[in-house]
Amino acid sequence: MKKKSNKPPNMPSILLSSIQEFREFEDSLSNNENFSAMVFYISGYLCKDEEKSARKLLAKLLSNELASQFTYHGATGKRSFKDTHLGEVFESALLTSFKNDLSDAKDAAGKWFRNAPWGKPSDGASESKRASNKGFTEISQIC
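Under the working numbering, the residue at position 108 of the sequence shown is numbered 1490, and the numbers go up by one with no gaps.
Hints were generated in silico from the structure; no laboratory data involved. For glycine and all other residues, C-beta sits at the position ideal for the given N, C-alpha and C. Treat the hints with caution; some may be incorrect.
[Said to hold, decoys possible] Calculated cross-link-like contacts (lysine to aspartate or glutamate; reagent style EDC-like; alpha-carbon spacing at most 20 Å):
1) Lys1493 to Glu1406
2) Lys1488 to Glu1432
3) Lys1481 to Glu1447
[To be verified] Simulated DEER-style distance windows between Cβ atoms:
4) Ser1418 to Asn1482: 18 to 26 Å
5) Ser1412 to Gln1451: 19 to 27 Å
6) Gln1402 to Ser1479: 28 to 36 Å
7) Asp1489 to Gln1451: 19 to 27 Å
8) Lys1481 to Glu1447: 29 to 37 Å
9) Asp1465 to Glu1433: 27 to 35 Å
10) Thr1478 to Thr1458: 28 to 36 Å
11) Ala1457 to Glu1433: 32 to 40 Å
12) Thr1458 to Phe1422: 15 to 23 Å
13) Cys1429 to Gln1402: 16 to 24 Å
14) Glu1470 to Lys1493: 14 to 22 Å
15) Thr1458 to Glu1408: 31 to 39 Å
16) Ser1462 to Gln1402: 16 to 24 Å
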């Protein structure tokens, strides 16, 4: 089964691969309408498994190169993903399906960020496969 979804209007392309792209995306998410639209948009990628959903969302949003500049909580001198607008979108989207403290998703995200510098996205997708999803407009069941 496939669901179709269009990227919110005026939203920069995703898969983000540089700090500059990330900053532009953050700027667009500071608008409440864009924030809400993005939560709705990426919620279409969620499945029944919280951890797998977290890994899949991150793989759709961030390249390994960009992800290697973050940790989920901002440890080891890197940027904190959870404290960004995109981090808030990530958690808000997960909360649409998982009504809990998201501890499993947060643990999965932490592992995903730790593996990013070595090109191991922890979702089974290769970087080239992830790059082919840049600007994705069709959502298919991924879980």
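Status of the hints after comparison with the structure:
Between Lys1493 and Glu1406, the direct Cα distance comes to roughly 26 Å. Violation of the 20 Å bound is thereby established for this hinted pair. Distance check on the hinted pair: Lys1488 and Glu1432 sit about 9 Å apart at the alpha-carbon level, within 20 Å; holds. With a C-alpha separation of about 31 Å, the suggested pair Lys1481 and Glu1447 falls outside the 20 Å cut-off, and the hint is violated. Judged by the Cβ atoms, the range 18 to 26 Å given for Ser1418 and Asn1482 holds: they are separated by roughly 22 Å.
For Ser1412 and Gln1451, the Cβ-Cβ distance of about 20 Å falls inside the hinted range of 19 to 27 Å, so the restraint holds. A beta carbon spacing of about 31 Å between Gln1402 and Ser1479 agrees with the range 28 to 36 Å that was offered as a hint. Our hint of 19 to 27 Å for Asp1489 and Gln1451 holds, since their Cβ atoms are close to 20 Å apart. Evaluation of the 29 to 37 Å hint for Lys1481 and Glu1447 yields a pass: the beta carbon distance comes to about 34 Å.
The hinted window of 27 to 35 Å between Asp1465 and Glu1433 is violated, with their beta carbons roughly 21 Å apart. Checking the proposed 28 to 36 Å range against Thr1478 and Thr1458 shows it holds: the Cβ atoms sit about 31 Å from each other. The hinted range of 32 to 40 Å is not satisfied by Ala1457 and Glu1433, whose Cβ atoms lie roughly 20 Å apart. The hinted window of 15 to 23 Å between Thr1458 and Phe1422 is violated, with their beta carbons roughly 33 Å apart.
Evaluation of the 16 to 24 Å hint for Cys1429 and Gln1402 yields a failure: the beta carbon distance comes to about 31 Å. One distance hint, 14 to 22 Å for the beta-carbon pair Glu1470 and Lys1493, holds here, with the actual separation near 20 Å. Judged by the Cβ atoms, the range 31 to 39 Å given for Thr1458 and Glu1408 is violated: they are separated by roughly 21 Å. Distance hint check for Ser1462 and Gln1402: the Cβ-Cβ separation is about 19 Å, which falls inside the suggested range of 16 to 24 Å.
Checked against the numbered hints given earlier, the structure breaks hints 1, 3, 9, 11, 12, 13, 15 and satisfies all the rest.
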